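K.L.:
Residue numbers (my numbering), protein chains in the order written: chain A, 2 to 152; chain B, 11 to 782; chain C, -4 to 334.
No lab work stands behind these hints: they were computed from the structure.
Do not take every clue at face value.
[Stated by the list, open to error] Quick list of in silico lysine to aspartate or glutamate cross-link-like pairs, EDC-like style, CA-CA up to 20 angstroms: (1) Lys128/B / Glu126/C; (2) Lys3/A / Glu5/C; (3) Lys322/C / Asp189/C; (4) Lys470/B / Asp517/B; (5) Lys3/A / Glu2/C; (6) Lys431/B / Glu631/B; (7) Lys643/B / Asp119/A; (8) Lys188/B / Glu766/B; (9) Lys431/B / Glu766/B; (10) Lys178/C / Glu54/C; (11) Lys322/C / Asp240/C; (12) Lys128/B / Glu5/C; (13) Lys765/B / Asp299/C; (14) Lys642/B / Asp119/A; (15) Lys643/B / Glu704/B; (16) Lys302/C / Asp635/B; (17) Lys302/C / Asp633/B; (18) Lys642/B / Asp69/A; (19) Lys17/C / Glu173/C; (20) Lys642/B / Asp51/A; (21) Lys431/B / Glu420/B; (22) Lys150/B / Glu132/B; (23) Lys178/C / Asp209/C; (24) Lys3/A / Glu90/A; (25) Lys302/C / Glu766/B; (26) Lys322/C / Glu262/C; (27) Lys778/B / Glu304/B; (28) Lys470/B / Asp544/B; (29) Lys3/A / Asp51/A; (30) Lys128/B / Glu129/C; (31) Lys128/B / Glu168/B; (32) Lys765/B / Asp568/B; (33) Lys773/B / Glu555/B; (34) Lys17/C / Glu5/C; (35) Lys101/B / Glu132/B; (36) Lys101/B / Glu62/B; (37) Lys611/B / Glu62/B.
[As the list claims (entries may be wrong)] Some chain B residues well away from chain C (every beta-carbon gap over 10 angstroms; in silico): (38) Lys188; (39) Leu506; (40) Leu636.
Computed from a prediction, not measured in an experiment: that's the story for all the values here.
Positions of the beta carbon are idealized from the N, C-alpha and C atoms, including for glycine.
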Amino acid sequence: MKLRVNALEYLVDPPAERLLVDLLREDLHLTGTKRGCDDGSCGACTVLVDGAPQHSCLTLARLVSGRDVTTIEGVSPGRLSRLQRSLVETGGLQCGFCTPGMIIAALALLQRGTPSRDDILEAISGNFCRCTGYAKIVQAIERAAQEEGGR
Amino acid sequence: MNGIVGSRVPLVDGPLKASGSALYTADLTLPGMLHGAIVRSPEAHARIVSMELWRAMEEPGVSAVITGDSYPRSFGVLPITRDETMLAVGKVRFRGEGVAAVAATSPEAAQRAARQIKVIYERLPEYEDPEASAATVTEKIHAHSPGMTNLQKEVRQEFGPVEEAFRTAAHVVTVRGKFPGVTHAALEPHAVLAHYTPDDRLTVWSSTQVPHYLHRALSEVLDIPEHRVRVIKPEVGGGFGGKGDPMPHEIVAAALSRETGRPVRIVLSREEVFYLNHGRHPTRHTLKLAADAEGHLMGFDLDALIDGGAASSFGTVTTYYNGVLATGPYRIPAFRYHGRRGYTNRPASGAMRAHGSVNTRYSMEVAIDMLAEELRMDPMALRMRNFLSPHTTTINEFRITSNSVVRCLEASRARSSWDTKYRKLPVGRGIGVACGFFISGSNSPIHFTPPFPQSTVHLKIDVDGGVTIHSGASDIGQGSKTIVSQIVAEVLGIPLARVRVAAVDTDSAPVDLGSYSSRVTFMMGNAARCAAEDMLRQWQKAAEEITGRPSAEFRAHDGRLEAPGNISISYLEAVHQAMRHHGALQSSGAYESPSLGGKFKGARAGTSPAYSFAAYVAEVEVDVDLGRIHVKKVWAAFDCGRPLNPMLVEGQIEGSIHMGLGQLLGEEMRYRGTRLMNPSLLEYRTLSPVEMPEVECLLVGEEDPEGPFGAKEAGEGPLPPVLPAVANAVYDAVGLRFTELPLTPDRVWRALRQKERGGGLQKPPAPKVDAR
Amino acid sequence: MLADPFELHEPASIAEAVALAKRYCGDVRFLAGGTDVLPGLFRGLHTVRHLIYLGRIPELHVFDPIRGVFGAQTSMASLERDPVVRQRFVAVSLAAHAAAGPALRTSATLGGNLLVDTRCTFYDQSRFWREANEGCLKADGTECRVVSQGSRCYAVYSGDMAPPLLALGATVDIEGLEGRDSKPLEDLYSPGGDGRLSHALPEGALLVAVRLRDPNLWSSYSKLRARGAPDFPEGSIAIGIHETDGRLDHFRIAVGGIDTRPLVMNEITRPWLGKPMSDEVVEATVESVGRRLHPVANTALLTDYRKHVVTRFLRTDLARYLALRSKELTSSTPAGRVG
Ligand SMILES: Cc1cc2nc3c(=O)[nH]c(=O)nc-3n(C[C@H](O)[C@H](O)[C@H](O)COP(=O)(O)OP(=O)(O)OC[C@H]3O[C@@H](n4cnc5c(N)ncnc54)[C@H](O)[C@@H]3O)c2cc1C
Ligand code: SF4
Ligand code: FES
Ligand code: FES
């Protein structure tokens, strides 16, 4: 089957039970997408499928054939996007393990316009971070949103 | 001063992490790599009668199956209590313990094969309660416990006239605290990749906080000389103490690699991480404080019983810490502590952020709040009356140097408008205060006899002008790479971008005791500063050779070496000049801890070259109808000496508050007997972003005389005060004392309902002595 | 986490899907968003060798909030965000918003939510965990671990969408072996009250669509969850009300997260039809509904608390309706909360 990931086409033939997260990490070596839990509860594996955030650990790889997958590697190849830069500069990441999923979740939010603080909290409520206490993540997303707005 | 230290420098590895390019252990693959899986015991305490392995061997893709019998050597993070084996030998001690392991061509094949291994167990009596462990038992969990008990450690300490203090005190308050276990829940599940190569060398990549301890354990258990073992630490996705011990799966992967001659990777599932645990000890204790009629503390008495689970881990230290870390920030003229740690058939407890001090701190600060009420004093005033001064000694002979606790309390009082709120907010709203005290690195290294320096840093610079830092300290997300880069760049007067930190690799990095006990900034920071100063001297000497001006005149600034009279050469010129003599330049710096502590048994536990202090105020709103505690805001005044990077310090405080509030409001290793009921992130409930309060960090500490650039720790000390600050605020709001955690809404609601039945909710009485 | 190998079928029509289901009868499951099926497979809760993916069937994707028709494959995200749904079927949009987290709601479907497996702390565990506990009635065991000597299972119905849809009087279109059928949503849930069955849809039958007739009802949805993040309901309550000329002609209440199926309180609400909504109705209703709630200790929070909160929600939501009623009532006023 054909699979589009980060605007590149791949030819793959995963078994039915192959999860998207494993296909990305193990077969395509796109290890930016992380795995933090066994049951869809941490959000570290979040990727965009046709622009919407989705847990790649609860998605069968075969079912995304023909759809557009964006992983952290595809967010802004080669340089950091505004959001990514904001996260770094604001201190919205520490160990960085939640960061790829967090960025994808926030990206999906920012695509929908300028969010309120509550929108941001809600948008990342499925993304677990053990390090930051979320405060600086929220700040970073707010900052990125303002910059996008004032562009 | 070059202004690099003290500024809000973003993480040097931030761009790698934000782009998904940072590599963590589970991201690594090697050609020909196999995958390991561990068979785990469904029994909590049982003899292994037999194991049937052949079915697993015959599964497709299986290359090796091993059991504990071939690897019986025990290990443990403390050399005095080695009671773990990489796989169970003869019997299992907790549900989830490894009994066998498989290496196969894919994770699926390995797991499938693991499922084919049939083990027959003979059940033994299960122990879930450390109280029972302290009494006579019919079956010992570990043979080395004293007599017929399951005790692991017992500590008794007494200083000053305790009996007399409690006999003559005007006020005595008692808190009976009960705390369930909580766990680190770092987002990255533990992972390891091991490669045993035909030259008889073992290389292990692992998500560990202390490569050096793993290095030793691998060597000991697998009987490979240390110089043939190499441990590399890739990025680590959080630790909080949970990656501080050498862990069984790390050794298992190495063993499987040696058996198969191929690289073997093991990535734990989240459920397995819960069984690994080594988290905060479930605790029951009785804490008593005595005070005179003016509110001077007279005595402290604590009896604590902690549940160690099935292994020792850091438990001996924990048992001490439960008591000794309560000797600050207040002056305690008489102190008694009795602590016991019992083995149970639950996953081992160990060190978790703010190790050993959280539960005692909770009850202590609640007790002070109670005392204040009895004395009709404002709790801030009572605290002010009792603080240790700077440059003093505690009752158990801890050396206190810098201490800004008074400034902390004043800052949080002012910023929170305490005086207008305490006992004055309407029913349902409240404000509370609590203080904190924590070590800045343990002064007594676990392993080092004869005494080596605690921390060593090497620098190297070659023709390209980039300075490479070699250090054995692990950055586990707290930003130690950034701090060490800042220190080196500051001393050498070069831009941060000219500094790079080599990955921790025991082949090239000097030994370091790793990231725990909040030792990195202080100890590694001092070592880095020494190393950089050594390097600078080489540059200065070269500058003298070039310019003829005395080396001592040169200051490093902006990438140049400048001397009075407009003499200025670029640092690269100096480097190249110096290199003529012996090529690439190297320098080394070390931190040796001073000799501290008294002469009595256990005197070294808790000694540290410096201590952090804190005073937090929390404001809450209690939804009486739904039993919910909404923490509105926390004013976190913290004394970490001089913050080398305020942004990172704030990050540590905010993260600590998240974790501390998690323990207070929802987190719990929920057991039924020995059975862990919630081994998942859905059911082990950390605080969601929605419940996180606003946090205002007040970094008011003065420079520490011995810390690098005046800094002390900020990684663990920020955690403990938040729990009692909120609990005291809840008391201010609804007049209810909670001494059993967690304060989930259902339990709060039940307590509120009982209280309402007993006469309704009301504000506790206001003090007669106000905060001044 | 290991799923046994299975075969994935991707039919393009309802007929094809039903035929496949018939062919592999006993060894098959429909796969919608997969957010419930897949964790179940990894944990070995179900071991089927055939999954029939429903995402490629256009008819199941019908989304027509104006006519009130929602195909089973409607995503929770679109229910949550669509402005028309938010205006006409407030409780539906609130419930969708309150379920799981945003990324899950992209994949999670309405159909899957209505048919989501019942939950219990002793059941939603890995294969290893359950084997170590020797299973239970619902999966590979012989005893209930919650109610000793229980002869049935008390696993909790924990979908968020059923209560609001029941309160609004939804009907469902079902494609069975005997063809298309339309019935009240209630009929999807087994009256027997055994948590082993999460629903009463015959094996192989396909939920096609949900229909809501009346866009003018006032509705509310309130959910109790352990924290403000992706947590299942520990109790939830939905209300649908309509009065004509000051008299109730629609009054329905449905409770989720408490029993083995969503509880529809028709016996309690029906007698009030034809009468005006009043404080008296509120009091009597809260009282009677409270008596019908019998949670057991198989979720995170204490049972008496769950019961308390649900009745408290009911009281405040009805009170809110009463307050609005005295002003000019619009169906677009959002009501409900997540507590
Ligand atoms: C971390 C986490 C948190 C969650 N939180 C919540 C929550 O708060 N509230 C909540 O309600 N749910 C929650 N869920 C459960 C689940 O995500 C939702 O219920 C979701 O809506 C299920 O839809 P789905 O499309 O993914 O269903 P699937 O998993 O695809 O299917 C669920 C069931 O329905 C059957 N099915 C699906 N469609 C049809 C059809 N058209 N005809 C016949 N049978 C069908 C399937 O065979 C299966 O038995 C959570 C899940 C996770 C992993
Ligand atoms: S209620 Fe009883 S039978 Fe049902 S899942 Fe829970 S333990 Fe099993
Ligand atoms: S790995 Fe997908 S949600 Fe945790
Ligand atoms: S930065 Fe470590 S989990 Fe978020």
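K.L.:
Compare the structure with each hint and give your call.
P.N.:
Cross-check of the supplied hints:
1. Distance check on the hinted pair: Lys128/B and Glu126/C sit about 13 angstroms apart at the alpha-carbon level, within 20 angstroms; holds.
2. With a CA separation close to 16 angstroms, the supplied pair Lys3/A and Glu5/C stays within the 20 angstroms bound.
3. Proximity of Lys322/C to Asp189/C is assessed by CA-CA distance (about 44 angstroms); at most 20 angstroms being required, the pair is judged violated.
4. For the hint linking Lys470/B to Asp517/B, the alpha-carbon distance of about 15 angstroms falls within 20 angstroms, and the restraint holds.
5. Between Lys3/A and Glu2/C the alpha-carbon distance is near 19 angstroms, which keeps this suggested pair within the 20 angstroms criterion.
6. For the hint pairing Lys431/B with Glu631/B, the CA-to-CA distance comes to about 13 angstroms; that is within 20 angstroms, so the pair holds.
7. Taking the CA atoms of Lys643/B and Asp119/A, the gap is near 17 angstroms; set against the 20 angstroms cutoff, the hint holds.
8. Under the criterion of a C-alpha separation no larger than 20 angstroms, the hint pairing Lys188/B with Glu766/B is inconsistent with the structure, at around 23 angstroms.
9. Proposed proximity of Lys431/B and Glu766/B is contradicted: the alpha carbons are some 24 angstroms apart, above 20 angstroms.
10. Only pairs whose Cα atoms come within 20 angstroms are accepted, and Lys178/C paired with Glu54/C is accepted, the gap being roughly 18 angstroms.
11. This hinted pair checks out: Lys322/C and Asp240/C have alpha carbons roughly 14 angstroms apart, not beyond 20 angstroms.
12. Annotation: proposed proximity of Lys128/B to Glu5/C is violated, straight-line Cα distance about 38 angstroms (limit 20 angstroms).
13. Taking the CA atoms of Lys765/B and Asp299/C, the gap is near 16 angstroms; set against the 20 angstroms cutoff, the hint holds.
14. For the proposed pair Lys642/B and Asp119/A, the alpha carbon gap of about 15 angstroms is at most 20 angstroms, so the pair holds.
15. Under the criterion of a C-alpha separation no larger than 20 angstroms, the hint pairing Lys643/B with Glu704/B is consistent with the structure, at around 5 angstroms.
16. Restraint check for Lys302/C and Asp635/B: the C-alpha separation of about 13 angstroms stays at or below 20 angstroms, so the hint holds.
17. About 17 angstroms separates the Cα atoms of Lys302/C and Asp633/B, which keeps this hinted pair within 20 angstroms; it holds.
18. Distance hint between Lys642/B and Asp69/A is unfulfilled; the C-alpha atoms sit about 42 angstroms from each other, more than 20 angstroms.
19. Simply put, Lys17/C and Glu173/C have alpha-carbon atoms about 12 angstroms apart, close enough for the 20 angstroms limit, and the pair holds.
20. Among the hinted pairs, Lys642/B with Asp51/A is inconsistent with the structure: their alpha-carbon atoms are about 38 angstroms apart, more than 20 angstroms.
21. Of the supplied pair hints, the one linking Lys431/B and Glu420/B holds, its CA atoms being roughly 15 angstroms apart against a limit of 20 angstroms.
22. Note on Lys150/B and Glu132/B: the hinted pairing holds, with a Cα-Cα distance of about 15 angstroms set against a maximum of 20 angstroms.
23. With a CA separation close to 16 angstroms, the supplied pair Lys178/C and Asp209/C stays within the 20 angstroms bound.
24. About 38 angstroms separates the Cα atoms of Lys3/A and Glu90/A, which puts this hinted pair outside 20 angstroms; it is violated.
25. A distance of roughly 18 angstroms separates the Cα atoms of Lys302/C and Glu766/B; the hinted pair therefore holds under the 20 angstroms criterion.
26. Distance check on the hinted pair: Lys322/C and Glu262/C sit about 29 angstroms apart at the alpha-carbon level, beyond 20 angstroms; violated.
27. Using a Cα cut-off of 20 angstroms, the hinted pair Lys778/B and Glu304/B holds, with the two alpha carbons roughly 12 angstroms apart.
28. Proximity of Lys470/B to Asp544/B is assessed by CA-CA distance (about 11 angstroms); at most 20 angstroms being required, the pair is judged to hold.
29. Distance check on the hinted pair: Lys3/A and Asp51/A sit about 15 angstroms apart at the alpha-carbon level, within 20 angstroms; holds.
30. Between Lys128/B and Glu129/C the CA atoms are separated by roughly 15 angstroms; this keeps the pair inside 20 angstroms, and the hint holds.
31. Pair hint Lys128/B plus Glu168/B does not hold up; C-alpha atoms about 52 angstroms apart against a cutoff of 20 angstroms.
32. Restraint check: the Cα-Cα separation between Lys765/B and Asp568/B comes to about 66 angstroms, which exceeds 20 angstroms; the hinted pair is violated.
33. About 76 angstroms separates the Cα atoms of Lys773/B and Glu555/B, which puts this hinted pair outside 20 angstroms; it is violated.
34. Taken as a hint, the Lys17/C and Glu5/C pair is honoured in the structure, with Cα atoms around 15 angstroms apart against an allowance of 20 angstroms.
35. Annotation: proposed proximity of Lys101/B to Glu132/B holds, straight-line Cα distance about 9 angstroms (limit 20 angstroms).
36. With a CA separation close to 16 angstroms, the supplied pair Lys101/B and Glu62/B stays within the 20 angstroms bound.
37. Annotation: proposed proximity of Lys611/B to Glu62/B is violated, straight-line Cα distance about 48 angstroms (limit 20 angstroms).
38. Taking the minimum C-beta to C-beta distance to chain C, about 17 angstroms, the non-interface status of Lys188/B holds against the 10 angstroms cut.
39. Distance check for Leu506/B against chain C: the nearest CB is about 36 angstroms away, which clears 10 angstroms, and the non-interface claim stands.
40. Its closest Cβ contact with chain C, about 5 angstroms, brings Leu636/B to no more than 10 angstroms, contrary to its assignment away from the interface.
Hint check: violations occur at hints 3, 8, 9, 12, 18, 20, 24, 26, 31, 32, 33, 37 and 40; the rest are consistent with the structure.
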